[in-house]
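Novice: These protein sequence lines map, in sequence, to chains F and R. Just so we're aligned: 76 in my numbering is position 76 of the first sequence, and the numbers increase by one with no gaps anywhere. Just so we're aligned: 583 in my numbering is position 583 of the second sequence, and the numbers increase by one with no gaps anywhere.
The set of hints was computed from the structure by calculation and includes no laboratory data. Every residue gets a Cβ at the ideal spot worked out from N, C-alpha and C, and that includes glycine. Please note: incorrect hints may appear among the correct ones.
Said to hold, decoys possible - Here are the computed distance ranges between Cβ atoms for each label pair: (1) Ala83/F - Ala440/R: 49 to 55 Å; (2) Thr7/F - Glu366/R: 22 to 28 Å; (3) Glu46/F - Glu366/R: 30 to 36 Å; (4) Gly32/F - Lys4/R: 22 to 28 Å; (5) Gly97/F - Leu38/R: 42 to 48 Å; (6) Arg63/R - Ala64/F: 38 to 44 Å; (7) Ala440/R - Glu91/F: 53 to 59 Å; (8) Glu90/F - Leu38/R: 55 to 61 Å; (9) Glu90/F - Ala440/R: 51 to 57 Å; (10) Ser9/R - Ala64/F: 35 to 41 Å; (11) Glu46/F - Ala756/R: 41 to 47 Å; (12) Ser53/F - Glu366/R: 32 to 38 Å; (13) Gly20/F - Arg63/R: 36 to 42 Å.
If you want the building blocks of each chain, they are given just below.
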Amino acid sequence: MPSVRMTQITALVLRAVVSGHQYGFDIMEACGMPSGTVYPALRRLEKAGLLGSGWENEAKAHAAGRPRRRTYHLTGKGRRELAAAEAKLEEMRQLLGQFGSEPKKA
Amino acid sequence: MLIKSWIRSIAILVPLEYRRDWIEEWEAELASASHKKLRHAVGALPDAWYLCREGWTMEGLIRDARMALKGLVRRPVFTAIAGLTLAIGIGANTAIFSVVDGVLLNPLPYPESEELVSANHVAPALNLFLVPHSEGTYLHYSEHFRSLESLAIFGEETINLITDGDPQRLRAARVSQPIFEVLGVPPMLGRGFAEGEDELGAEPVAVLSYGLWRQTFGGDASILGRLVEMSGVQRRVIGVMPEGFEIPDEVSVWIPLEIDRADPEMGSLGLIGLGRLAPDATIAMAQAEMRDLMFQLSDENPDDFGRALIEQAGLAPDVKPLKELYVEEVKQTLWILLGTVGFVLLIACANVANLFLVRAEGRQREQALKTALGANRADIMRQYLSESVLLAAASGALGLFLAYLGVKGLLAAAPVTVPRSEEIGIDGTVLLFTATISLASGLLFGIFPALASAGRDLSKTLKDGGKSSTSGRDRHRVRSVLVVAQVALALVLLVGSGLMARSFWALSNVEPGFDSSDRLTFRIALPEPEWPEAEGVLQFQRQFLERLGAIAGVQNAALISAVPLVKFKTASPMESEENPVPEGGLGPLVDRRTVSPGAFAALGIDLVEGRDFTWGDSEEGIRNLIVSQTLARTFWPEAGSVVGRRIRQQGDTTAYWNVIGVAEDVHFERLTEENGPLAYFPAVNLGPSSPAVTRSVAVVLHTGADPLGFVGAAREALREVGPRLPMVEPRTLESIERDALSATSFTVVLLGIASAIALVLGMVGIYGVISFVVSRRSQEIGVRMALGAPAVTVLRSVVGQGMKMTGVGIVVGLLGAWGVSNVIVSLLYDVSGTDPLTYVTTALVLALVALIAAWIPARRASKIDPVEALRYE
Numbered sequence: 001m002p003s004v005r006m007t008q009i010t011a012l013v014l015r016a017v018v019s020g021h022q023y024g025f026d027i028m029e030a031c032g033m034p035s036g037t038v039y040p041a042l043r044r045l046e047k048a049g050l051l052g053s054g055w056e057n058e059a060k061a062h063a064a065g066r067p068r069r070r071t072y073h074l075t076g077k078g079r080r081e082l083a084a085a086e087a088k089l090e091e092m093r094q095l096l097g098q099f100g101s102e103p104k105k106a
Numbered sequence: 001m002l003i004k005s006w007i008r009s010i011a012i013l014v015p016l017e018y019r020r021d022w023i024e025e026w027e028a029e030l031a032s033a034s035h036k037k038l039r040h041a042v043g044a045l046p047d048a049w050y051l052c053r054e055g056w057t058m059e060g061l062i063r064d065a066r067m068a069l070k071g072l073v074r075r076p077v078f079t080a081i082a083g084l085t086l087a088i089g090i091g092a093n094t095a096i097f098s099v100v101d102g103v104l105l106n107p108l109p110y111p112e113s114e115e116l117v118s119a120n121h122v123a124p125a126l127n128l129f130l131v132p133h134s135e136g137t138y139l140h141y142s143e144h145f146r147s148l149e150s151l152a153i154f155g156e157e158t159i160n161l162i163t164d165g166d167p168q169r170l171r172a173a174r175v176s177q178p179i180f181e182v183l184g185v186p187p188m189l190g191r192g193f194a195e196g197e198d199e200l201g202a203e204p205v206a207v208l209s210y211g212l213w214r215q216t217f218g219g220d221a222s223i224l225g226r227l228v229e230m231s232g233v234q235r236r237v238i239g240v241m242p243e244g245f246e247i248p249d250e251v252s253v254w255i256p257l258e259i260d261r262a263d264p265e266m267g268s269l270g271l272i273g274l275g276r277l278a279p280d281a282t283i284a285m286a287q288a289e290m291r292d293l294m295f296q297l298s299d300e301n302p303d304d305f306g307r308a309l310i311e312q313a314g315l316a317p318d319v320k321p322l323k324e325l326y327v328e329e330v331k332q333t334l335w336i337l338l339g340t341v342g343f344v345l346l347i348a349c350a351n352v353a354n355l356f357l358v359r360a361e362g363r364q365r366e367q368a369l370k371t372a373l374g375a376n377r378a379d380i381m382r383q384y385l386s387e388s389v390l391l392a393a394a395s396g397a398l399g400l401f402l403a404y405l406g407v408k409g410l411l412a413a414a415p416v417t418v419p420r421s422e423e424i425g426i427d428g429t430v431l432l433f434t435a436t437i438s439l440a441s442g443l444l445f446g447i448f449p450a451l452a453s454a455g456r457d458l459s460k461t462l463k464d465g466g467k468s469s470t471s472g473r474d475r476h477r478v479r480s481v482l483v484v485a486q487v488a489l490a491l492v493l494l495v496g497s498g499l500m501a502r503s504f505w506a507l508s509n510v511e512p513g514f515d516s517s518d519r520l521t522f523r524i525a526l527p528e529p530e531w532p533e534a535e536g537v538l539q540f541q542r543q544f545l546e547r548l549g550a551i552a553g554v555q556n557a558a559l560i561s562a563v564p565l566v567k568f569k570t571a572s573p574m575e576s577e578e579n580p581v582p583e584g585g586l587g588p589l590v591d592r593r594t595v596s597p598g599a600f601a602a603l604g605i606d607l608v609e610g611r612d613f614t615w616g617d618s619e620e621g622i623r624n625l626i627v628s629q630t631l632a633r634t635f636w637p638e639a640g641s642v643v644g645r646r647i648r649q650q651g652d653t654t655a656y657w658n659v660i661g662v663a664e665d666v667h668f669e670r671l672t673e674e675n676g677p678l679a680y681f682p683a684v685n686l687g688p689s690s691p692a693v694t695r696s697v698a699v700v701l702h703t704g705a706d707p708l709g710f711v712g713a714a715r716e717a718l719r720e721v722g723p724r725l726p727m728v729e730p731r732t733l734e735s736i737e738r739d740a741l742s743a744t745s746f747t748v749v750l751l752g753i754a755s756a757i758a759l760v761l762g763m764v765g766i767y768g769v770i771s772f773v774v775s776r777r778s779q780e781i782g783v784r785m786a787l788g789a790p791a792v793t794v795l796r797s798v799v800g801q802g803m804k805m806t807g808v809g810i811v812v813g814l815l816g817a818w819g820v821s822n823v824i825v826s827l828l829y830d831v832s833g834t835d836p837l838t839y840v841t842t843a844l845v846l847a848l849v850a851l852i853a854a855w856i857p858a859r860r861a862s863k864i865d866p867v868e869a870l871r872y873e
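With these hints in hand, go ahead and build the complete structure from the sequences.
Specialist: Written as structure tokens, this is what we have:
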């Protein structure tokens, strides 16, 4: 399975999915990015196996009076990679924090 | 609604297997979005584009290729015909391109070869396009030139090499000292020439070529420092050049010039100059500087190199890339050949495009079905293009193989004079070229059926069983255009080869002025150290000719400085007694040959007035010469008889020469050239005159039977009078004459082959289209015949359709041929580039061929059984 380079956008999309947004447009709104940016990222993540997708229950959609929507969810691999990326981010933050605590020059 | 159709239209970009889901997803999202729907919908485009690009993955390409391969394999005959047609086109192009690449495009095999220039002169007013240097001009230029880092000169000569084995006759170069530095190639063994070694009185030295060193001296490094006898001079071998270093061509030994620096020879301009540009200097700068230097030289030497002479000759410096010195003569022929095979490839593409179009007819249902299953135009085009590109790639590989064989054959058949032929081969550039033209032709012939099928209303096709009449007519138009293009291209080639054939015919009918049948010729050279005196040379010549004349079957034996049609130009200005050239002027340039008595009879040249030389004409104090008819006309246009008139070298104040005879004009330089004035001097003249002694001569034997049968006897005769003299290049005069025709005949043959291929392909094209039309129209024809139309009417109608296309093609082709005729003019002889006879004849030939191609299917049509044809419905 091809791997994916973790960027700001992919990390944001993964976070949005983890925090419960499952439809494409919901993810888009959660990220605060335009659809033309979010969708290709979704495709990349799905191709890399970090995201999985499916269709919501048709009856449920009908009941709500709308066509069924595509849903996205995190795979095990997605979870691991997101965790790794966040750990790295945390490390970075701490490193930056050390710099930040140094006394500024007058 | 607007949003929905937007999504549907950009869905075309999305690969088929995702398309349905993609549309559903976007439509559902947009339906559930509460606001900014339009803005969100815009994002579908980058998404679709992303998926489209993803579709072009390696797997996707492989899948396309596999599908294409299936399609091709399923129709082996179609694939074989189309593939072979293309392979011939691509192969021909690759072959010719590899020659062009090797000869014209590859850099010379010297370090920083782009800095190397030929620095010589031209004299357009005298029709001379290479006027090289004398020792004097060379010293002047090389001393002052600043835009050239270095300058060297070389002349060619032949020497007798005496070793333990047989004496050998070798091509040698007389060079100025820095020749190897200019070219940037140091000797492989030993050293090059040292400063001062090219001066008069320096110790005689020599540098050997790799080939000579290996073959004659067994590759023995101890040759360095040894003395070797060359043309009677003991020369010390100082170096051996690396393998492949040959400048000038096929030279075996380099020996230094003997320049008298105190009083250099100024007037005899026979040494070719080559130089290396200084850093930051350009050819234009060198040219400008050389011009200034030339005038400066003229001011310093008003007697030998006066301004008036420069003006009359139109003398001007000519600095150009060194490569051009070599390839000038073949350059144009090669580009024309490349253009020709380019045409052949275009015709082949048109043919294959037609084949594909015909095949596409049979696949209408298959495509309609695919479309119904969701395939779009792009998919179908992609399928067509992948088939055509795959076919082109396979044909390219086959073509490359054909070219590899072809180039070998081509070089074997080519006149020996293709320069730099060792550079010709299939290298990276050639491979790239082949790959490019294969891909380009694949796209070119693939685009027609792709466009034709994409532009069709497929639902209609499904409905009427694949026989949609409207779309048929559209595609028929495409095919007709292709046929017209084929006919037009083929005609341009036919006209070209027709013109070349007429030139060849005219050339072979040129009256050369001499008789080449049953004549043997070879060269000998008497080294000056062994025959220092003119008397000795004269005695040798008499003795040798007597021996040769005594051979049974030899009718005449004589000597001449160079036989006709062999490169040998020694023109110098002359003046007649009546009409001396004014101070600073330039008399007519007269080419010259020195001959022994009997030379005119031996060469079959008629004397139109006066008498031949006798040995008495060589005596001291006697100055007799024989002139050509053109010379007589040039100097004494009014005179009836010119015997007894007097003429001399311009500026030679010692004496005039008396005309004792007039010989008919002979094409000495080349068959295509106008005869210039020519003077014959005795091969030896014992007086203090010039020319006095000719040491290097051609022997001509007029024999009763097969001339080559006399080589042994002639060698025997030579051994008796000069045991250490090699016999050089024994060959018949006929073979020399044939070689003179060979450049033209070579072009004729290649153009002939190309146009024959074009003609056949064009015929196949017409045949294919007419056949197809007939099969389409079989119902209609059947109905017409059922209603009583006679077979002749049907025949005429079908043939007429074919001839209409041919007619348009011929008109376009004639215009095209007329348009490009100026390209070929320089290769033509005695025929105009717009020769009406050639144009009309070739057009008729093409029309006839087209008629046959159309008639065959038409006849089939006229035999259609109406009942059968109608039953099919």
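Novice: Determine for every hint whether it applies to the structure shown.
Specialist: Hints and how they fare:
1. Ala83/F - Ala440/R: 49 to 55 Å: 52 Å, holds
2. Thr7/F - Glu366/R: 22 to 28 Å: 44 Å, violated
3. Glu46/F - Glu366/R: 30 to 36 Å: At 33 Å between Cβs, range holds.
4. Gly32/F - Lys4/R: 22 to 28 Å: 27 Å, holds
5. Gly97/F - Leu38/R: 42 to 48 Å: 44 Å, holds
6. Arg63/R - Ala64/F: 38 to 44 Å: Since the Cβ atoms of Arg63/R and Ala64/F sit about 39 Å apart, the hinted range of 38 to 44 Å holds.
7. Ala440/R - Glu91/F: 53 to 59 Å: 54 Å, holds
8. Glu90/F - Leu38/R: 55 to 61 Å: 40 Å, violated
9. Glu90/F - Ala440/R: 51 to 57 Å: 56 Å, holds
10. Ser9/R - Ala64/F: 35 to 41 Å: Since the Cβ atoms of Ser9/R and Ala64/F sit about 28 Å apart, the hinted range of 35 to 41 Å is violated.
11. Glu46/F - Ala756/R: 41 to 47 Å: About 60 Å separates the Cβ atoms of Glu46/F and Ala756/R, which means 41 to 47 Å is violated.
12. Ser53/F - Glu366/R: 32 to 38 Å: Holds, at about 33 Å.
13. Gly20/F - Arg63/R: 36 to 42 Å: 38 Å, holds
Of the numbered hints stated above, those contradicted by the structure are hints 2, 8, 10 and 11, listed in ascending order.
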